[in-house]
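A.B. asks: Single-letter residue listing:
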Amino acid sequence: MFATMTGLFAEPWVITLLKVVGVFAVVMPMVAYAVVAERRISAWIQDRIGPNRVGIPFTNIKLLGLGQPLADGLKALVKEDLTPAHVRRAFYWLAPAVAMVPSFVVLAVVPFGSMLGAQKMVIADLDVGILFTFGIVSLGVYGVVLAGYASNSKYPFLGGIRSTAQMISYEIAMGMAVVPVFMLVGELNLGAVIDYQRDGAWLVFKQPVAFVIFLIAIFAETNRLPFDMPESETELVAGYNTEYSSMRFALFFMGEYAAMIAGSALMVVLFCGGWMLPLGDYFSTPAESLGQGLVHIGVFIAKIAMFLGLMIWIRWMLPRFRYDQLMNIGWKRFLPLSLANIIVTAIVMWGLYS
Amino acid sequence: MEGTLFNIFAGLAVLSALLVVANPFNRNPVTSALFLVTTMISISGLFVLLGAYFLAAVQILVYAGAVMVLFLFVIMLLDLREGARRKLNLVSLAMGLMAVGALFLVYKSSIDQTYGSEAPSHEAVADAGQAEAKPVKAVGSTRALGQALFSPDNGFILPFEIVSVLLLVAMVGVILLSRKEPR
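If you read the protein sequences in the order shown, they are chains X and D.
Add 7 to a position in the first sequence, counting from 1, and you land on the number used in this note's numbering.
Add 49 to a position in the second sequence, counting from 1, and you land on the number used in this note's numbering.
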């Protein structure tokens, strides 16, 4: 019995399946609690109290409102699933799923830790890691576009159109921004990027311009304020998800937060040393014991949490851009700036290595 | 395993390509565009099976992620009505058949060049694939592809740059033609 069990765990597909389940088991609660964090932090910034009541059901234990996501999820599940009469049904049902899937698929190539036992802590160690990432990120726009088209009414449609133009524009700036990173690293594999930053020289210090452009482009790609034109409440009711309710709306909502987590994970890997900390060998060499491996994963999650905090904070501090301003920044500022960054990096590298 | 995956991806590619042009249930242009996206993604799966990971990623990035999104954008902006069933046009049918025939000849000649003029048996293809498994994978890697394209000995640099200038010309032309105000 035991022999067959260990044999089963040596199969590659079983290990991959375990990793996928593990990543889901960590990311789904992170999505849920990112929502709580958003609500609590926004309340704190606006001098309100925020959701602090829901604790363990049928008791008086409140736990700072940490039961809130369970209550929200239950509410979304048992609410009436309304399909308005005027929508295009097939697209209407497809859109929430299409909006949510890409954010999770991106996480497949992100190295979220060093080693655990003999296993590398990445689901798919692809040589073209970053290209795969950008490919999947670029599919993310379909969810919003389809929702806008399927709803068959004005405001969602405008939201869909806006998001298409916005996400395509910022994808270009985002892609151009990371080119210097890979010129320095010399590999497209995301694990190689982390290895490159081993001695503590994180790429955020070597490529600050690339980091800033990438950070802002992630805001635009995840439709977060100050770039949330597609759902801009003051103009478009709720943008592309106006016609959605109950669990379908919740899927869009979860998709947004999952995209934030994926974007933060990319920023941590590309610019902030991944699972490493410049605190000596224990934190910067691949783990040899189980505990060390878990610590590395913990460091990675903590870094993601910091970026999530930054994104939430910025959302409640800044007003929304106007649409033409958004396009101007994307095309006339960030694109030339990132191209200049590529050329400067090339000249410096040429000077250093020749 | 690889055979099964090939059948899945190839079947999906052909089926959704058919649904792009001849969907019996739905004449909506957005449906066609989405089936074209499915075709692109299936083809990228075929590239992965061939070991061409770079091409697979670029296929998704450029075609599924950028070109098709712009297609959808234009379709939605123009608000095309569901196309009325057009009658079969003999001229366009003849033109289409000619194009397909020409494409088929190109494929046939390239297969002939690789395997000699007699059609390869299934085993021969499998043997050749196994014997050359390593070089095939190496071609697929990004580094090898970059060196093949840009190494000065190969002489691909000039054609590559000319193609990129061609794209630039097209872009400048579009901007010039779409300017509204008179000069």
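Hints in this document: simulated from the structure, not taken from any laboratory.
Hints may contain errors.
[Claimed, not checked] Residues from chain D that keep clear of chain X, each with C-beta distances beyond 12 Å, as calculated: (1) Gly60; (2) Phe103; (3) Ala106; (4) Gln108; (5) Met117; (6) Val118; (7) Asp161; (8) Ser200; (9) Ile206; (10) Val218; (11) Val223.
[Stated by the list, open to error] Straight-line C-alpha distance at most 30 Å; calculated DSS-like pairs for lysine-lysine: (12) X:Lys69 with X:Lys82; (13) D:Lys229 with X:Lys161; (14) X:Lys127 with X:Lys213; (15) X:Lys213 with X:Lys86; (16) D:Lys229 with X:Lys339; (17) X:Lys161 with X:Lys86.
Please read these numbers as outputs of a predicted model, since none were measured by experiment.
Backbone N, C-alpha and C define an ideal beta-carbon position, used for all residues, glycine too.
A.B. asks: Each of the hints needs a verdict: does it hold here or not?
C.D. replies: Okay, the hints, checked on the actual structure:
1. Gly60: holds (21 Å)
2. Phe103: violated (6 Å)
3. Ala106: violated (4 Å)
4. Gln108: violated (8 Å)
5. Met117: violated (9 Å)
6. Val118: violated (5 Å)
7. Asp161: Correct as stated: the minimum Cβ-Cβ distance to chain X is 32 Å, above 12 Å.
8. Ser200: holds (16 Å)
9. Ile206: holds (16 Å)
10. Val218: holds (19 Å)
11. Val223: holds (15 Å)
12. X:Lys69 with X:Lys82: holds (19 Å)
13. D:Lys229 with X:Lys161: Holds, because 27 Å separates the two Cα atoms, which is no more than 30 Å.
14. X:Lys127 with X:Lys213: holds (27 Å)
15. X:Lys213 with X:Lys86: violated (50 Å)
16. D:Lys229 with X:Lys339: Holds - the C-alpha atoms of X:Lys339 and D:Lys229 are around 20 Å apart, at most 30 Å.
17. X:Lys161 with X:Lys86: Cα-Cα ~25 Å, so holds.
The structure is inconsistent with the numbered hints 2, 3, 4, 5, 6, 15, although it conforms to all the rest.
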